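Trainee: Using the hints provided, position chain U relative to the given structure of chain X.
As you go down the protein sequences, you meet chains X and U in turn.
Heads up: the first sequence runs through residues 1 to 400, numbered per the numbering used here.
Heads up: the second sequence runs through residues 1 to 304, numbered per the numbering used here.
Read the hints as simulated data drawn from the structure, not as lab findings.
Since we're looking at a predicted model, the values are computed, not measured.
Mixed in with the good hints there might be a few duds.
Unchecked claim - Ranges of calculated distance between the beta carbons of each label pair, as one might list FRET restraints:
#, chain 1, residue 1, chain 2, residue 2, range
1, X, 387, U, 63, 45 to 53 Å
2, U, 60, X, 68, 57 to 65 Å
3, X, 70, U, 136, 50 to 58 Å
4, X, 104, U, 120, 43 to 51 Å
5, X, 282, U, 136, 16 to 24 Å
6, X, 303, U, 5, 27 to 35 Å
Claimed, not checked - Listed next, the in silico DMTMM-like pairs over lysine to aspartate or glutamate satisfying Cα-Cα at most 20 Å (straight line):
#, chain 1, residue 1, chain 2, residue 2
7, X, 278, U, 144
8, X, 351, X, 79
9, X, 172, X, 203
10, X, 220, U, 232
11, X, 128, X, 357
12, X, 89, U, 110
13, X, 235, U, 144
14, X, 220, U, 110
15, X, 128, X, 144
16, X, 258, U, 134
17, X, 89, U, 232
18, X, 236, U, 144
19, X, 154, X, 357
Here a beta-carbon is modelled for each residue, glycine too, at the ideal position from N, C-alpha and C.
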Amino acid sequence: MKRDRVILGLLAAIVLAACGTTSTSGGGGPSYAGKTIKLGAILSITGAGGVYGPQSRDGMKLAVDQINKAGGVNGATIDLTVNDDASLKAQSAQLAQTMIQQDLDLALLGPTLSNSAVGVHPLAESLKTPILAVSTTGIHIVPDCNFPAAAACKYVFRDSLGEQTAIPDNIKSYAADKHPSTGVLLVAQDDKFSSDGGKIVQDTVGQYGINLLAVIKFSKAESDLSPYVTQAVQKKPDVIFITSLGGIPAKIMSEARKLGWTGQFLGGNGFNTATVSKQAGADGMGARSASAWYIGNTFASNADFVNAYKAAYGKDPDQFSAQGYTAIKIIADSAKRANLTFSDLAGDRDKLRAAMETVKIDSPLGPFQFTADHDVKQTVWIIQMDGQGGFTLLHEIPAS
Amino acid sequence: MGQQVLNAIFIGSIYALFAVGYTLVFGVLDILNLAHSAVFMLGAAITYSLVVNYHQSFAVACVLGIGACAVMGLVIEYVCLRPLRRRRAPPIAALISTIGLALIIVAAVEQGRPGSAFAWLWVDGANSVRFPPDMIPNPTWHVDGLTLEATKVVIVPITLVLMLVLGYVIRFTQFGRGLRAVAENPRAASLMGLDVDRMIVLTVVLSSALGGVAGILFGLALSDISPYIGRDSLEIRGLAVIVLGGMGSIPGAVAGGYLLGLIEVLALVVFGSNVRAGVAFAALFLMLVLRPQGLFGAQLRERL
Numbered sequence: 001m002k003r004d005r006v007i008l009g010l011l012a013a014i015v016l017a018a019c020g021t022t023s024t025s026g027g028g029g030p031s032y033a034g035k036t037i038k039l040g041a042i043l044s045i046t047g048a049g050g051v052y053g054p055q056s057r058d059g060m061k062l063a064v065d066q067i068n069k070a071g072g073v074n075g076a077t078i079d080l081t082v083n084d085d086a087s088l089k090a091q092s093a094q095l096a097q098t099m100i101q102q103d104l105d106l107a108l109l110g111p112t113l114s115n116s117a118v119g120v121h122p123l124a125e126s127l128k129t130p131i132l133a134v135s136t137t138g139i140h141i142v143p144d145c146n147f148p149a150a151a152a153c154k155y156v157f158r159d160s161l162g163e164q165t166a167i168p169d170n171i172k173s174y175a176a177d178k179h180p181s182t183g184v185l186l187v188a189q190d191d192k193f194s195s196d197g198g199k200i201v202q203d204t205v206g207q208y209g210i211n212l213l214a215v216i217k218f219s220k221a222e223s224d225l226s227p228y229v230t231q232a233v234q235k236k237p238d239v240i241f242i243t244s245l246g247g248i249p250a251k252i253m254s255e256a257r258k259l260g261w262t263g264q265f266l267g268g269n270g271f272n273t274a275t276v277s278k279q280a281g282a283d284g285m286g287a288r289s290a291s292a293w294y295i296g297n298t299f300a301s302n303a304d305f306v307n308a309y310k311a312a313y314g315k316d317p318d319q320f321s322a323q324g325y326t327a328i329k330i331i332a333d334s335a336k337r338a339n340l341t342f343s344d345l346a347g348d349r350d351k352l353r354a355a356m357e358t359v360k361i362d363s364p365l366g367p368f369q370f371t372a373d374h375d376v377k378q379t380v381w382i383i384q385m386d387g388q389g390g391f392t393l394l395h396e397i398p399a400s
Numbered sequence: 001m002g003q004q005v006l007n008a009i010f011i012g013s014i015y016a017l018f019a020v021g022y023t024l025v026f027g028v029l030d031i032l033n034l035a036h037s038a039v040f041m042l043g044a045a046i047t048y049s050l051v052v053n054y055h056q057s058f059a060v061a062c063v064l065g066i067g068a069c070a071v072m073g074l075v076i077e078y079v080c081l082r083p084l085r086r087r088r089a090p091p092i093a094a095l096i097s098t099i100g101l102a103l104i105i106v107a108a109v110e111q112g113r114p115g116s117a118f119a120w121l122w123v124d125g126a127n128s129v130r131f132p133p134d135m136i137p138n139p140t141w142h143v144d145g146l147t148l149e150a151t152k153v154v155i156v157p158i159t160l161v162l163m164l165v166l167g168y169v170i171r172f173t174q175f176g177r178g179l180r181a182v183a184e185n186p187r188a189a190s191l192m193g194l195d196v197d198r199m200i201v202l203t204v205v206l207s208s209a210l211g212g213v214a215g216i217l218f219g220l221a222l223s224d225i226s227p228y229i230g231r232d233s234l235e236i237r238g239l240a241v242i243v244l245g246g247m248g249s250i251p252g253a254v255a256g257g258y259l260l261g262l263i264e265v266l267a268l269v270v271f272g273s274n275v276r277a278g279v280a281f282a283a284l285f286l287m288l289v290l291r292p293q294g295l296f297g298a299q300l301r302e303r304l
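So here's chain X without its partners, still in its complex pose (with noise of 0.2 Å):
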């Protein structure tokens, strides 16, 4: 009988102890219970990235508002401030500063723009703080965030798919398709993410026997793109390649149509969101570009990610939502794991930058993973504009 009492008393212990270490709703982890996991994120609502950025936005908090609403990463709940640095580099840094050393965030997202990122990326791998991007497609953002210091940046992260992938699979896509001979490109030279897309399309073209007959370099800021879009198609291309953001792509679309030219536009993560191409209407339509996502993929994690979207937003997401909900998924992931301490934010932002590079989930973008440089990998999917502000879907390149 005694013995009884002994072995049920070590049976509460342990079924007491289990009760402390293991959260109710996060399956396995440490508990965070009462506590918050607070992100932040800086994103372009207005300016130039402003046809991105709210994306993004509404993305990442349908994700958080479904995880606290599960019952919270291990308990704890997350608290996601999302800050608009108007498309502007300096204002940027600026938040990232705030954010990493006033409001004391666990992580960071962001930014939308590439060059932004140049500013914010460095500062928060100085400041040891754990940054994921969440649509920065250019060159050097990971892992040399400190381009052109080679080395290796530890806690700046990507989720969304580089240009250097992308756009040679677009030209590849297009070039086995149609076979094209001639090119002009249009590039906006005072952009990051814009002169990164410009010269990854002159380094791929020649690859698929398409000849270069101009390159075309205007500045984002320029409201009269007629004589530019005028010389473009002067000189009477194949194909006009577009790397550059926010309205641009689509005032060109129109300007060429309206001059008559009926060849075929390419382009980069620009014309990624229905934005763009609703902008671009039917002066967009068959507009070409390689895309992380694709809003028709049935698999379950994204079935359920446009459902959801729909149902809290009454409209479909984009590319820019699937990345900004992914993101926030990567990041609850990887705190449920990274056993956080809430007392030590040093050591925390540590264990959660450690626990993302083995990060393993479904997302809307397929199943997801981080390459050893933090980067992505994953399937590309080829899809042209519609001419009524959605996408169709092309062909499918599996992630090589």
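Mentor: Just chain U now, kept in the frame of chain X:
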């Protein structure tokens, strides 16, 4: 090349219309009103808001937009210029006060978002927007290999008619004679019984209304309306235009506008896209060195 010349004429007309407002104030007051680019932007922004957010017809919105710019002219005079003039402040003080007003106007529009204090004025923050495509018919014609778009073509006659009317008013009306007298010598004009302050008010109001017209035409033709269109596209170019044409000269501003448009486009065609702005400002520099009085400098003695 023909199409590029057309592009130059279209954008040159907007430069001209904008610069005439600049030069009108300079001719009368000897100061540069650097709030002019903000008023230009305000004309486009208010007209856009009235059409999109208040569902007014484009014609009504234009009239109200231009009217609002004229009222802003009153603000420029009564807040930025007159108090300084009363204290005989140097022209640089007025220059700085107009820069201050420009920053305030741009910031007010930039802050205009749903739920903000300026949501009644503008709701798109720092974003670039365009007039609804179906707001007015915009046919495109193809003639002899040239493409003519109605919203761009229409700028040219509007600019020329406005300039002719303005030229007539200044040359042949009582108001114009008064304006020229004030420009020539305000003290003498005052001693002759002219109400100098009233002439200045009318000048700044007229200049601002012209800035508003230029802003609306710009937004319509280039499909770009944002808080920064004045600052990014017109402010420095407007200065270049009046230097090219001759400071204070209205025909000079018109000629300078078209000349700058042409130089920019030629630079693009001949030297390539990288040097477009550079060549335009090299021309400006050459003008300052070789003929500082500008194209119409010989007429500077008789201002306006």
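Trainee: Each hint needs a verdict: does it hold in this structure or not?
Mentor: Results of checking the hints against the structure:
1. Taken as a hint, the range 45 to 53 Å is violated for the pair residue 387(X) and residue 63(U), whose Cβ atoms sit roughly 35 Å apart.
2. In this structure, residue 60(U) and residue 68(X) break the distance hint of 57 to 65 Å, their C-beta atoms being roughly 48 Å apart.
3. At roughly 51 Å, the beta carbons of residue 70(X) and residue 136(U) sit within the given window of 50 to 58 Å.
4. Range check, residue 104(X) to residue 120(U): Cβ separation about 37 Å, and the 43 to 51 Å hint is violated.
5. About 18 Å separates the C-beta atoms of residue 282(X) and residue 136(U), a value consistent with the hinted range of 16 to 24 Å.
6. For the pair residue 303(X) and residue 5(U), the beta carbons lie near 55 Å from each other, so the given range of 27 to 35 Å is not met.
7. Between residue 278(X) and residue 144(U) the alpha-carbon distance is near 32 Å, which puts this suggested pair outside the 20 Å criterion.
8. Note on residue 351(X) and residue 79(X): the hinted pairing holds, with a Cα-Cα distance of about 19 Å set against a maximum of 20 Å.
9. Note on residue 172(X) and residue 203(X): the hinted pairing holds, with a Cα-Cα distance of about 13 Å set against a maximum of 20 Å.
10. Between the alpha carbons of residue 220(X) and residue 232(U) the distance comes to roughly 10 Å, so the proposed pair stays at or under 20 Å and holds.
11. For the given pair, residue 128(X) sits about 15 Å from residue 357(X) by alpha-carbon distance, which is consistent with the 20 Å threshold.
12. At roughly 17 Å between alpha-carbon atoms, residue 89(X) and residue 110(U) fall within 20 Å of each other, so this suggested pair holds.
13. Of the pairs offered as hints, the one joining residue 235(X) and residue 144(U) holds, with about 18 Å between alpha carbons and a cut-off of 20 Å not exceeded.
14. Between residue 220(X) and residue 110(U) the alpha-carbon distance is near 18 Å, which keeps this suggested pair within the 20 Å criterion.
15. Restraint check for residue 128(X) and residue 144(X): satisfied, since their Cα atoms lie roughly 15 Å apart, inside the 20 Å limit.
16. At most 20 Å may separate the alpha-carbon atoms for a hinted pair to count; residue 258(X) and residue 134(U) meet this at roughly 16 Å.
17. Among the hinted pairs, residue 89(X) with residue 232(U) is consistent with the structure: their alpha-carbon atoms are about 17 Å apart, no more than 20 Å.
18. For a cut-off of 20 Å, the pair hint linking residue 236(X) to residue 144(U) stands: about 17 Å separates their Cα positions.
19. Distance hint between residue 154(X) and residue 357(X) is fulfilled; the C-alpha atoms sit about 10 Å from each other, no more than 20 Å.
When each numbered hint is compared with the structure, violations occur for hints 1, 2, 4, 6, 7.
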